[in-house]
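Chains as they are written, first to last, in the numbering used here: chain A, 1 to 449; chain B, 1 to 210; chain C, 1 to 278.
Hints may be right or wrong, so weigh each one.
[As the list claims (entries may be wrong)] According to the in silico footprint, chain B covers these stretches of chain C (three or more CB under 8 Å from chain B):
no. : segment
1   : 11 to 20
2   : 34 to 40
3   : 66 to 78
4   : 126 to 136
The hints are simulated quantities; they were obtained by calculation from the structure and are not laboratory data.
Every residue gets a Cβ at the ideal spot worked out from N, C-alpha and C, and that includes glycine.
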Amino acid sequence: MSAFIGLSSGETPALPGTETLMMRELQLPRRHAGVFFACLVWGLLLLPVVGRAQETDASSAPRLEAFDMPGDAGDSIGLRWPVLTTESKTAVYRVSLSKEQTGAFTPIAEFAATTHYETDISGPWWVWGAKRKDVHFFQVKSTSDFRLERDTTYFFQVTFSDGTESLKSAIVAAAPHANLLNWAKLNNFGILVAFGATLLVSIRRARVNPHIFLRRIPGLDAVEEAVGRATEMGRPVLYLTGSGDFGGSSDPSSLATIAATVILSDVAKRVATYGAELRVPHRAPIVMAVCQEMVREAYFAAGRPDTYREDTNFFISGDQFAYTAAVDGLILREKPAANFFMGYYYAESLLLAETGATTGAIQIAGTDAEHQLPFFITTCDYTLIGEELYAASAYLSREPVLVGTLRGQDIGKGILLCVMVIGTVAITLGEIFSVPWVKTLFQLFNDVK
Amino acid sequence: MLFWKRTFPLLLTLLLGITFTAQYYVPHPASESLLTEVSVWGQIISGFAILLGVGSLIRSHYVKIKRREAGWGYSGVMFLSMLIMLGAGFWSGGKTEGTSFGWLYSYVFVALQGTMFSLLAFFVASAAYRAFRARTPEATVLLVAAILVMWGRVPLGEHLISGIGSVTEWIMNVPNTAAQRGILIGVSLGGIATSIKIIFGIERSYLGKD
Amino acid sequence: MTDFVLRLLRLDRRVIFLLIAVATLLPLLYPVSLPIRVSPEVQRVYDYMEKLPAGSLMLLSMDFEPGGKPELYPMAVALLRHAFQKNIKVLGMTLWPAGAGIAEIAFTEVAREKGKEKGVDYVFLGYAPGDASAVISMGQDFHAAFPADYYGTKTADIPLLQKVRSLRDMQYVMSLSVGFPGIDTWYVYGKEKYGFELGGGCTAVSAPRFYPLLDTGQINGLLGGLRGAAEYEVLLGVKGKAMAGMAAQSATHFVIIFLIIVCNALYFLTGQARGRQR
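Could you put the whole structure together from the sequences, leaning on the hints where they help?
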């Protein structure tokens, strides 16, 4: 069998003189993936005892294998070979590469023979199987000096040198291919699916039984009081949606901003009902456009479309401190009776909330920007911490569907807490009693690439 | 009408939500190109959104001046500053080195921004004086931690009490990190739940009511 | 007496502002040198830089605008000095549109001080729009992400960038960040995808947020606020602006501590008075 790891059988050249290799390593992830859930526990139990039958080679040159690295964009190749018994701290391995089997080989790396083992690989067991300390591993990647081209076959040779002798491996070949799935993230996907399913089941159950207990969130209970106070005092209600934007997954502020707009809808409805004035200055134009729509709808829903003003929502500046200065000015001039600071904030949080505190306004903040929480807690009357902000729409509307998601979230959090506690205890005991598979088992909850 | 206002955005959200969740698990270059492409679209949309913002800004300040509302003079200052900065920018072709735009950037914009940021020190002090009181045992813990961190983070503190820097480091690395992680886990789960709700159209209040 | 104490408790905040202003100004006018202890997270950045061989590529992303200048600019200067001393090639850029001006000044000044040549020892690429997509496109094709540098020179013609094709070619990336986009963006869309080592610098107010990333190895070190910059200057053995600012920071911290103690003492006094009245 002359198939080389990393080459599909159709394109594998028969290379005389090169070592026979097996496809086993490349196929492992796919095969494991297919039976992943079913074989999980048994696979783990068997892992420590089922090792690859590879013997340490004492006499001959390194038995080199080359293969396409699994789960990548086709930009690297893996090399592995068994440890030689003649290795010492002074010995070195040199890895050379060529585009042609009979062409000149260029050295691409040189390292001490007592480094670079398979156990150094961070990949999980369901992709890599049992990693061995008696097998060397080296990952060939593009550098500024040479570039690995996708789907191009490369030839590799490893030379062992300890000052007295120099042993060359056989020449092996492999080609990097772009993969369609990163199997190392399979656990991540599994957790996502499990959590999503828990949420959907919780929502379904909440539809059947809508009487789900929700603990009190004083910050949201105080909304009514704050709006009522503003109405009595004849002063406006100031509502900020934070410094965030709907910037997609790359933007940490997106979800907080969405939550802030959802709460705005409810606050606007109460403001409309009471006949108070609402002021919503913005830093992000798209958020402003969405909020305009939501506030208008809220006034309609409250039966007061006549009192809705187009300039309730207005844009100030996209610049952090220009926005802060303008809002501080507004707070000092108009002295709103109630200030809401919802959404995502950066350094401006204290500048805004402290200015508001000096005017004697009732202040309610809510943010998942954990680094700004201390400032809000110090200067505001009520603060929604972290996910309380996301829970607001469920809490305010009491819609069974939304409340059900909260239940699902709590179940997810409970499971995570159990995993953390059990994991910490089990791994600690595993280390004390030298049971390595415990650590391997908990790779299921690792962020592995 | 309802299709374009409600059904179509929900379908689009579902489609893109599932596509880009899947994208995370696909290392193929085509998947990354797709992500880049969509991010670029996002940038273009944001670019147009600036027009929306500027329109709103001009309208609200114009109305203030027209109605002679309290502080309408500041709206005039806003228009003047905007025109000066825009004019200098166009005149200098966006270059900062040795241009009027560069001068405004270095000696007005940088100075104003620095001033606003430095206000934090003053506001931290006044907020601390007003609010940092040992009213409850929890507030006392917060208070003591704050004093220890402030003391240990500056050279004078370490000069006065040697070893306090290690206490500060422990507070930052252990209780602070633990609390941050706790909040982060909750926020992340809440974030995933909100995303799932939005992708599947369960949370749709951001679209306005029916 | 109680009235006086109550009045003190409701002290006009302008008095507090004045105290802070004096505490900041005096040490700046009459500098006092104090020993600065180096924290492990700063030491780790320094050690990593020390280990980089000459000729290595480092990307310094100055992800801040003028508001963050007082804290982050000294960090940038210290890092650039260290890199140039070690003959590390530096690529500069920013993800913040208003940050290009200050970043350019930092590069020009330190390069002049260390006698480094533009295009050979360093490149300043300017502002990259697009936050995460900018990082991703730099990872895919560096020259497509930056067809020209800040001064309009084609990157294909710049000697230093001849061999640079992707972020994978970077031996180290440092993001000095004041918010988003910043360290998070470089970690999620850069390090995770393209496998370079990442370090971070941030304002003191946001430093606590990045401590969890240190333990997990998501960043290999952190320079937090002016103190972080001062510690780096200590390691470099250079007296820079950050070290000069540490005396002022010491004074302001102690004024705040003093104010907290005073307000609590007054609070207890009024509490006792209330108790006596009952």
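Status of the hints after comparison with the structure:
no., hint, verdict
1, 11 to 20, "holds (count 6)"
2, 34 to 40, "holds (count 6)"
3, 66 to 78, "holds (count 5)"
4, 126 to 136, "holds (count 6)"
Comparing the model with each numbered hint stated earlier shows that all of them hold.
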